[in-house]
Each structure stands twice: as structure tokens, then as C-alpha cells.
Amino acid sequence: MQFLDQPIDFEPLADHAALTFVARVNAQQLMAFCGAAHTAERRLVALWGSDERDRDSQNGYALHIAFDMAEGLACLTLPLATENPQFPDLALPFPAANRMQRAVHDLIGAAPENGDRRPWLRHANWPAEFYPLRRDTPDARFAAVNEEYAFVRVEGDGVHEVPVGPIHAGIIEPGHFRFSVMGENVLRLEQRLGWKHKGIERRFVNMGLGEGAKLAGRVSGDSTVAYAWAYSQAAEAISGAMPPPRALWLRALLLERERVANHLGDLGYLGNDVALSFGLMQFMRLKEDWIRLNARLFGHRLLMDCIIPGGVAVDLDAVGAQAIVDQCQALGDEVTDLKQIYDEHAGLQDRFLTTGRILPSLAKLLGVIGLAGRASAQRWDLRCNHPHEPYDRLEPKMAIERNGDVAARALVRFAEIRESLHLIRKIVSEMPPGSIGNLARSTADKRGFGWIEGWRGDVLVALETGADGKIRRCHCHDPSWQNWPALEHAVIDNIVPDFPLINKSFNLSYAGPDL
Amino acid sequence: MIPILRQILRTGIVSEPAPAIDEALRTTTQRLSAAVLAQLGRALVIRHIDAGSCNGCELEIHALNNPYYNLEGIGIKFAASPRHADLLLVTGPVAKNMEVAVRRAYDATPEPKLVVAVGDCGCTGGIFGESYASCGRVANIIPVDVSVPGCPPTPLQLIQGILTAIAPGKAATERRDSSGGS
Chain A
1 MQFLDQPIDF EPLADHAALT FVARVNAQQL MAFCGAAHTA ERRLVALWGS DERDRDSQNG
61 YALHIAFDMA EGLACLTLPL ATENPQFPDL ALPFPAANRM QRAVHDLIGA APENGDRRPW
121 LRHANWPAEF YPLRRDTPDA RFAAVNEEYA FVRVEGDGVH EVPVGPIHAG IIEPGHFRFS
181 VMGENVLRLE QRLGWKHKGI ERRFVNMGLG EGAKLAGRVS GDSTVAYAWA YSQAAEAISG
241 AMPPPRALWL RALLLERERV ANHLGDLGYL GNDVALSFGL MQFMRLKEDW IRLNARLFGH
301 RLLMDCIIPG GVAVDLDAVG AQAIVDQCQA LGDEVTDLKQ IYDEHAGLQD RFLTTGRILP
361 SLAKLLGVIG LAGRASAQRW DLRCNHPHEP YDRLEPKMAI ERNGDVAARA LVRFAEIRES
421 LHLIRKIVSE MPPGSIGNLA RSTADKRGFG WIEGWRGDVL VALETGADGK IRRCHCHDPS
481 WQNWPALEHA VIDNIVPDFP LINKSFNLSY AGPDL
Chain B
1 MIPILRQILR TGIVSEPAPA IDEALRTTTQ RLSAAVLAQL GRALVIRHID AGSCNGCELE
61 IHALNNPYYN LEGIGIKFAA SPRHADLLLV TGPVAKNMEV AVRRAYDATP EPKLVVAVGD
121 CGCTGGIFGE SYASCGRVAN IIPVDVSVPG CPPTPLQLIQ GILTAIAPGK AATERRDSSG
181 GS
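One line per chain: the protein sequences are A and B, in this order.
Taking our numbering, I'd label the letters of the first sequence as residues 1 to 515.
Taking our numbering, I'd label the letters of the second sequence as residues 1 to 182.
Among the clues, some could well be false.
[Said to hold, decoys possible] Computed, partial: chain A to chain B, Cβ under 8 Å:
hint: 1; residue: V164
hint: 2; residue: I167
hint: 3; residue: S509
[Unchecked claim] Stretches of chain B that chain A covers, calculated by requiring three or more beta carbons in the stretch to come under 8 Å of a beta carbon on chain A:
hint: 4; segment: 2-9
hint: 5; segment: 16-29
hint: 6; segment: 75-81
hint: 7; segment: 91-104
hint: 8; segment: 128-138
I should point out that these hints are in silico values taken from the structure, not numbers from a laboratory.
Even for Gly, the Cβ is constructed at its ideal location relative to N, Cα and C.
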């Protein structure tokens with residue numbers, strides 16, 4: 001199998017929900033492929049590294065790069081030298097690679113040959129030569145240090161800096177934002193993230209497949225369903241035990257319920273950030289109703305641990321199905337009313353329109369994905385582009401807006417709530433009967449990939465087992481990696497007080513990419 | 001304006017009563033005197049600190065302000081600065097990268113510096129445990145008064161923990177020693 005006329009022979013992997021292809025390449029082939037992928041307007045999904053010294057003494061490390069191809073997921077692996085491992089800088093064709101490359105250096109010790117080499121996940125709290133994902137790195141503790149990070153300075157008469165975070169003023173995750181401002185206008189924003197890095201990828205090593213599912217479901221709690229499903233797909237590819245059809249339909253039900261819950265919360269907070277606290281209270285009430293039914297039917301308000309390798313841990317009976325249908329009807333009516341209030345509220349629209357704009361051309365350049373991408377006319381939605389069961393039967397409609405402002409991101413959320421409610425009703429009425437799980441036993445020395453369109457964007461899990469069948473390497477990729485840099489662009493020329501609104505309109509995960 | 005008012009009227013008041021306190025959540029004896037607690041009453045100000053959670057606990061803390069739980073309705077509100085706070089609500093295992101920030105926030109909080117550790121991670125380090133990048137439970141970094149387990153704890157459990165922190169308690173009101181703090 002070849003892509004984009006590149007002389008690289010990809011091997012298709014069996015037992016994957018989305019068609020998945022892997023290939024080993026050299027640096028020259030990789031760069032040629034990246035150039036071709038960029039020209040063909042394909043996108044970088046994820047980039048990560050691994051330590052392979054126990055398998056190959058000469059090429060002891062590897063860089064893995066996954067692309068979204070028209071045919072499916074293509075993962076290229078570039079072996080790196082044991083001594084001084086380096087790889088070509090991919091940030092030029094794909095700007096989103098910048099932070100991922102820096103994370104690879106922090107975790108594995110393989111660096112891009114040129115370009116940005118500042119640390120990303122490491123904040124001076126452990127030594128530069130302590131690479132946590134190298135197999136021979138011992139468990140260790142270090143004293144905490146307050147880091148001096150080399151922010152890019154904006155100079156000129158009247159320019160000053162506003163540092164914000166890591167602890168923010170609201171109930172928000174920690175991150176640092178350095179604004180360079182002139183009066184009220186933001187000239188530049190630079191983000192410093194990685195505060196929540198808690199060594200998840202090292203934690204995965206030597207876990208069993210089942211145990212790993214719990215951890216994957218806690219990479220970013222608001223997307224626990226998306227992560228658990230992606231992880232389970234990868235684990236099932238390794239075990240060869242495909243989940244029964246009913247389990248897949250139940251997973252889709254859970255995923256759409258997660259999407260609706262998060263969109264409801266975001267729409268409330270978007271109202272709140274323009275001083276319409278009425279909107280916050282109404283949407284938070286609807287969200288609470290929604291997740292209370294989660295707790296009643298599936299035993300967990302956020303649906304954690306409902307998806308497990310091999311199937312699902314929860315089922316739905318006729319009474320539960322009816323409760324879901326009734327709730328979809330009631331919620332749909334309420335959201336329609338509230339949307340009309342938002343649409344007609346002059347103060348709200350004044351703050352939403354043209355605020356925090358990412359034009360489609362810029363979104364394409366930066367590789368913005370998921371919900372934020374769709375608000376800037378980027379047609380990426382795995383449920384539509386690479387539909388696996390049951391999305392191949394459900395045929396979801398993609399929500400697309402072109403303005404790329406706060407208003408557009410709100411509209412995409414409204415449209416996706418309506419579509420998800422439609423999908424949920426369809427799932428409940430057409431769900432096949434049968435068992436809800438198969439036993440997923442691990443297989444030694446095998447790779448598996450999982451790829452799911454969560455509410456924020458696509459989550460990728462790349463899993464590999466060792467000779468003992470335990471996890472050798474598990475990389476979880478959050479869509480926020482791609483979209484955080486876009487936020488830096490979205491705030492340029494906006495006023496500082498609009499930043500919370502713009503930030504909320506993206507609502508990116510800190511925990512997900514910090515890992 | 002009329003649709004907004006109509007919606008408010010149609011919704012009515014949905015707030016539910018607060019749960020009873022649970023003495024089992026307390027990790028130290030109540031160190032505040034009855035007089036101080038009476039002064040504090042229910043006019044409690046909370047500063048939330050995410051020290052490294054998965055953000056699941058944050059979703060449930062957000063829910064505290066929804067009309068069902070209506071935390072402000074019982075006199076408890078969230079502040080934007082630790083300098084305005086009576087109580088720190090801390091989630092997550094403390095990520096190594098957050099250690100300095102958490103200590104500074106604690107130092108910036110005026111007495112009585114009540115601390116409620118939230119979630120399995122805040123109570124024990126949870127699934128993330130301790131490592132080069134994680135300091136584990138909140139009590140490893142700052143003194144904790146009340147621990148609310150759960151993954152994540154429900155809003156009712158959170159309110160229960162917060163109310164327990166300002167309830168009289170059974171035993172003495174001795175000042176706790178500050179070992180474990182900075």
C-alpha cells in the first residue's frame with residue numbers, strides 16, 4: 001500500500017476499527033512524505049517517541065508520526081541513532097509539531113536537528129538529562145525549582161507584559177499565559193503549559209491492558225469516554241477480540257452523551273463570560289439533568305470506566321432507553337428556546353461576533369482540528385471522514401461554520417448538540433441486541449491504534465505490548481496539542497478582557513496534552 | 001428580555017437542600033474555636049486550586065454553582081485569589097511542576113487556611129501515585145483538614161466535605177502542628 005505517490009510500502013494492520021497502516025522510513029523518505037502530505041492538505045495527527053534500545057542497539061530510539069490520510073490512519077516510524085538521537089524538524093510543514101517535538105525531547109531525549117529546542121513538559125523540576133521514558137531511567141525524586149522560562153519578548157514604547165497563571169482566577173486548570181499588550185490590545189500571547197505533567201506515559205509501562213484502560217480514561221476527565229474508547233480500540237487490535245456490535249452502539253451512545261454534556265457546559269460559560277449569567281444557570285441546569293441520567297443508567301455522572309477493552313461495562317434496558325428518548329426530546333426543546341435567546345441578545349452577539357477570529361486560511365496553516373477547526377471551515381470529523389461502526393450506519397452530519405470567531409464556535413456547539421440528540425435517538429432505536437463484551441486477552445509484542453472523535457477533536461491512542469504482554473509504550477494524544485497554538489493567534493488584536501471568552505470558546509484541555 | 005423572564009419563571013427554583021456533614025471526612029480534629037466558626041458562619045470563601053487533576057473533579061466543582069446545588073445560596077462562594085479565601089479546595093495529585101505554585105498559594109492564604117483535598121488523587125495520589133512528576137496526595141505538600149474521596153466525588157460529597165471543614169467537630173480545638181507544610 002502506498003500513499004501520495006511516495007515510494008513507501010505501508011503495511012495494513014488487522015483488527016483496527018479505522019483502516020490503519022504502518023511503515024518504517026528513513027529521514028529523507030519522511031521529509032518527502034511530509035512535503036507530499038502537506039501539499040495534499042492531509043494533516044498531522046500526532047508525533048511521539050519511543051526507546052527501542054533493547055531491540056536494536058544501533059538505532060535505539062524511534063520517532064512515530066501519524067497522519068490522517070483519505071484512506072485511514074498512516075503511522076510512519078523513523079529509527080533514530082542510539083548515540084545523539086536527532087530527527088528532522090517537522091514544524092515547518094506542520095506547525096503543530098513544534099510542542100510535540102519538544103515533548104519528545106523532554107521524555108526520550110531525541111531532539112529536532114534545528115528549530116525550537118526549549119523544554120516543554122519539563123519545568124526545571126528534574127534534571128535535563130533525566131529522560132523519564134528511557135527504559136533504564138530509574139525512579140527518582142527531585143526538589144522543586146521555580147523555572148525561568150525564555151518567553152519571546154515584545155519590545156517597544158508602551159509595551160508591557162501581563163503574566164497570568166499557572167493558577168488562574170476561576171475554576172480552571174493550571175497554565176501560564178504571557179500577554180504582551182499595548183494599552184488594552186494584545187500584541188502577542190505566549191503559552192507555557194505542562195504544569196499538570198504527572199508522568200502518565202511512564203505510569204502506563206508494565207500495566208496490564210485492563211488496568212491501562214482506567215488510566216487512559218483519566219488523561220482528560222472531560223473526554224473520558226473518547227479516551228477509553230480509543231484505548232479500547234487499540235487494546236482490541238492487540239488482542240484480536242473485537243467487541244460485539246451492541247457494545248459498539250452503546251459506546252457511541254456514551255460518546256454522544258459526553259459530547260452533549262460538554263457542549264451544554266461550554267454554552268453556559270460562554271454566556272457567563274459576556275455577563276449573561278442567566279445563560280450559565282440555564283445551561284448548567286440542563287447539564288445537571290443530563291449527567292444525573294448518566295449516573296442513574298450507567299452508574300457514573302461522567303461515564304468513567306463504562307468502556308473497557310472488549311466491550312462495555314454497562315447495558316441499557318427498555319426503561320432506560322425510554323428515559324433517554326424522553327430526555328432528548330425535553331432537552332432539544334429547551335436548547336432551541338435558549339438558542340433563540342442567545343441569537344437575539346444584542347449584548348451577547350456584540351461580544352461573540354468577530355471576537356477571537358481564526359480565518360479558514362490560518363486554521364488550515366496551523367492544522368486546527370476538531371470543534372474549533374470546524375468553526376473555521378476545516379472539515380475534520382472522524383465520525384464522517386472515517387466512519388467505523390456504528391457511525392457508518394448513523395451517518396452524522398458535520399457541523400461547519402466559516403467565520404472562525406467565538407460566535408462560530410458557539411454555533412458549532414449548538415449544531416452538534418442537535419445532531420447528537422438525533423444520533424442518540426437513532427442509536428437507542430436501532431441498537432442491535434446481543435452481548436456487550438468479549439474477553440480481550442493481551443498478545444505479546446504487538447501494536448494497536450485507537451482513534452476516536454471526542455467532543456473536542458480526535459483522540460489517538462498508540463499502544464504497544466512487550467514480550468510479557470504488558471504495556472511497553474502507550475501514547476495518548478489529545479486534540480488540544482493542535483489547537484492551543486491557534487489560541488495564541490486568535491487573541492492577537494483582541495482586548496485583554498476578551499481573553500477568557502476566547503479561551504472558553506476553544507475550551508482546550510490542559511491535562512490531556514500535559515500528560 | 002421577555003423570553004428571558006419567561007424562561008426564568010418557567011424554570012422556577014430548583015435548588016435542593018444541602019447534605020448533612022460527615023465527620024468521617026475529617027483528617028485532623030477541628031482546630032477552629034466555636035467562636036471563630038460562629039463568626040465564619042456560612043460566609044465562607046473558597047479558592048480552588050487544580051494541582052494536577054485530570055479535570056474530572058473540576059467538572060463537579062463547577063456543578064456546585066449550578067441551580068440544583070446553589071452553593072452561593074448557602075453563603076459559600078469562590079474567590080479569584082487565595083488572599084481572599086478562607087478555604088483552599090485542592091484537586092489532583094500535586095504535579096511536581098505545580099508544587100511551587102501550590103505552596104505559594106497556601107502561603108498567600110490568610111488564616112485559618114482551611115484545606116479540603118478533593119478526589120481520590122487529592123486524598124491518596126490516586127491512579128497517578130508518586131513519581132518524578134507527581135508529588136502524590138495534597139497532604140504531602142500542604143496540611144489538609146478534610147479529604148473528600150471519589151473519582152470524582154459527586155457535588156453532594158463535595159458540599160459535605162466543605163461543610164464538614166467549618167462544622168464544630170467533636171474534639172479539641174488545638175492548633176495542628178505545621179509539619180508537612182512549608
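Status of the hints after comparison with the structure:
{"no.": "1", "hint": "V164", "in the structure": "violated, 11 Å"}
{"no.": "2", "hint": "I167", "in the structure": "holds, 6 Å"}
{"no.": "3", "hint": "S509", "in the structure": "holds, 7 Å"}
{"no.": "4", "hint": "2-9", "in the structure": "holds (count 4)"}
{"no.": "5", "hint": "16-29", "in the structure": "violated (count 0)"}
{"no.": "6", "hint": "75-81", "in the structure": "holds (count 3)"}
{"no.": "7", "hint": "91-104", "in the structure": "holds (count 9)"}
{"no.": "8", "hint": "128-138", "in the structure": "holds (count 7)"}
Figure legend: structure checked against the earlier numbered hints; hints not met, in rising order: 1 and 5.
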